[in-house]
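These protein sequence lines map, in sequence, to chains A and B.
Just so you know, UniProt numbering puts 30 at position 30 of the first sequence, and the rest follows in order with no gaps.
Just so you know, UniProt numbering puts 80 at position 80 of the second sequence, and the rest follows in order with no gaps.
If you are wondering where the hints come from, they were derived from the structure by calculation, not from laboratory data.
Among the hints, a few may not be true.
Restraint-style ranges between C-beta atoms, simulated for each label pair [as the list claims (entries may be wrong)]:
{"#": "1", "chain 1": "B", "residue 1": "38", "chain 2": "A", "residue 2": "388", "range": "25 to 33 Å"}
{"#": "2", "chain 1": "B", "residue 1": "203", "chain 2": "A", "residue 2": "403", "range": "57 to 65 Å"}
{"#": "3", "chain 1": "A", "residue 1": "5", "chain 2": "B", "residue 2": "89", "range": "39 to 47 Å"}
{"#": "4", "chain 1": "B", "residue 1": "109", "chain 2": "A", "residue 2": "289", "range": "50 to 58 Å"}
{"#": "5", "chain 1": "A", "residue 1": "37", "chain 2": "B", "residue 2": "301", "range": "42 to 50 Å"}
No residue lacks a Cβ here, since even glycine has one placed at the ideal position from N, Cα and C.
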Amino acid sequence: MIELSIEFAGIRSINPFWLASGPPTNSAAQVNAAFEAGFGGAVWKTIGTAVENVSNRYSSYKKWDRILGLNNLELISDRPLELNLKEIQEVKKRWPDRALIVSIMEEYDRGKWEELVKKVEASGADGIELNFGCPHGMPERGTGSKIGQDPTLCREVTSWVKRVTRLPLIVKLTPNVTDITQTAQAAMEGGASALSLINTIPSITGVDLDTFEVLPSIGGKSSYSGYSGEAIKPIALGLTAKVASMQIVQEKKVPISAMGGISNWRDSVEFLLLGAISVQLCSAVMLNGFRIIDDLLSGLKHWMQAKGFSSIADFRGKSLSHIVPFRQLEPTFKLIAQIDPQKCIRCFLCYIVCRDAAHRCIDLTDGKELYAAFPPSGKHEWMFPKVRIEDCVGCSLCQHVCPVDSCIEMITIEAKNLAVRPDIQKKLSDAIGKKVTGEVLYGCSD
Amino acid sequence: MEFLKESLPPLSLSEAIGEASRCLYCWNPPCVTACPTSIEIPKFIKRIETGDIRGAAEVILKANVLGGTCGRVCPVEELCEGACVITKLNKPSVAIGRLQRFAIDHFWAKQQPPSQWHIQKKKKVAIVGSGPAGLSCAATLAQLGIEAVIFEKNRLPGGLSTYVIPSFREPIEVSLKEVEAVKKLGITIHTEKELGKDFSLEELRTAYDAVFLAIGLGQSPQLQIPGEVYFLDSLEFLSKAKLEPWSLPDANNIVIIGLGNTAIDCALVAKKIAKEQVSILYRKRLEQSRAYPKEIEKVLKEAVPIQFLTMVKEAVVKENKLVGLKCQRVDPHSSLDSAEKKEQNGIEFFLPAQLVIRATGQQKPLWITTMAIELDNGFIKVNEKYETTLPRVYAGGDCIRKKGMFSTVHAVEDGKKAAFSIAASFS
């Protein structure tokens, strides 16, 4: 029996999939539809200080017809505050088993924050998310990522809110800082019950080569906008792991809600494995609609079944221990590339990248004896890319460019056979404080 | 008329970029090796992908001045696309031909043709024939700074591209546009000037520093059967269909004799004008046909019946009009040499036909036998430098192609290589 429900800072949710604060959570109609589709929770689009939006608000970063990243200049909710609060109340009443969190943002004014928090609390919402991450428009007004980038402000504003509410308080962090652990630390010192990350990344998606306008162009002008979608997933994963690995987070078991480029169940599982309890989606829904929840639930459930996990807690944070400082990486661990002649289609991409950008250890050799049946005639048909084992450093660039599934495999070799240069050996042994013996045979962990 | 339109629509920019993005950008790619003119295919495809269409066209034109024609008429399945490594992943090959056509069409539509090259006029080369081999030779010579003058026997230049390749493959405008592009390099083309009639080879040899013969091949050989005078030659039929379709007779039944690539073109064109039926008669078996399999597929898709192992014995003419053919089944076990052919005594039958097209291969340039040029099995004999046995006389294109594929792209490569040889002989 697979149990997908979670408890996040005291908030219960039937599954870990929440809608992130953004255009899909702008109204009761949308959140109701998302819950009907099966989402476990939603963070209501940020309410607070009055704003006026512009059009158009989005641009995208595309590779051919595929959207890799989405960019937005959308501000917080521009609907009347009272209407939002009324709808939040209605939605919560209708969906008691779902997590309904309200994202809020105010200007740097204690009174305004306190007033807003009280109104939200009265709406019956399960929790509050402080939007300290919005990178566009709002920082100019002294809020959004302006607060999130400054640990002192972050701590202060969190504590203002904490004093006037008993609701779980989630601080949403901006990735646009040098060290996210400092703002995470400040948020917790200010009284945050949980953390969510990451907000969008300030960016420019493109420039029109005909008009020279920057995208999205709003009447010929543009501004730095917030980048999201698949392209930012690696950044979000890295920052999630970083925050989840903080000592204080580990000790106090601070819940983390992760987001940033989550498009499918696989992405979600990765974030859960790196310490998140819930995952939030926005861009993926903006590009596909609420229906994707079906596939998220199916994929997660079947993966858990296959791995023998019965609850999210069974595997949450399981991959964190695999992250260590660089100096603790084993220098004698050695892989080399191996090319399967039966699978090779002779595009020679491995050869050319190794020659031009790596360690020049792939030769084009006569492959006659490698083929059971000799391939039809042709100028290069007889050639075969072959790895010179003694020169391969196992960088794996060849494997990454190879267009054929499992044609190039990185295989482990016996470390004792390696001739480690004495000067490097000395440096390594100094660095890790032990003698490099190179006598261990390293294999796969599972 | 419907068949005057190109059957394969052009790619849109978005389609072209999408298709281009499928190219793996192989190193030392087999598509380039398979291209007779060695166009750097992955390079031009990558340029399309990034919207550098002019750059893409430059890559193509550097290797093949008739890139627009070849993008349309090349047997790509047999050449570049057939070699594409993506097919080894059980995926369709990159549509190299269509991408090439896209790049060249865009180049013409959006850009000015390249300006005239600096031609030194120290040396002059006469080129006989303005088909792909002649044009390619002239353009390459111009690029090397050598003056070239083309003599063309027809009213329009361009050779088979202008006259014979059906419009659904290549509209005449494409061929003439390429001729114009070559002319802009500083090349003069004298039309309606025929070798052996308006001037002699000796005259050319005297007046020019070198001569390049790109005279192609002649009409199909006669079948030596009664009433053959009523048949139309395949080249004549295709040329009429392309240039003056109104002049073709009004026919209910059209019969094509032969099953080569030209016969298939004839059948596809005939299908557009026949009121009732088009059929093909072929005296051999399917597997003996030299037509490309993809082309045979096309006629089958058009529901053109092919009668294999069938010979035409004579034309049946009534009141001075062709009404049909007397045909005969061929013994499948006979070896079909000419002696045995005449002695066939299989079942005879009558096939109604108002128009019969003879597409039984092209004749070698017979008139050349009267000149002092050595031939090889009827074709002009050349060495690896494209030199004939006559000093300073070169030849290329179909008139030298003893074996292998008869294709525009091969002729283009002949012209290009011959031009390099000619230029080298001047230095």
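Could one say that the CB atoms of residue 37 of chain A and residue 301 of chain B fall in the range 42 to 50 Å?
-> 46 Å, holds
Could one say that the CB atoms of residue 5 of chain A and residue 89 of chain B fall in the range 39 to 47 Å?
-> 43 Å, holds
Are residue 38 of chain B and residue 388 of chain A spaced within 25 to 33 Å by their CB atoms?
-> 30 Å, holds
Within 57 to 65 Å or not, the Cβ separation of residue 203 of chain B and residue 403 of chain A?
-> 58 Å, holds
Beta-carbon spacing of residue 109 of chain B to residue 289 of chain A - inside the hinted bounds 50 to 58 Å or not = 40 Å, violated
Violation of the numbered hints given earlier is confined to hint 4; every other hint is satisfied by the structure.
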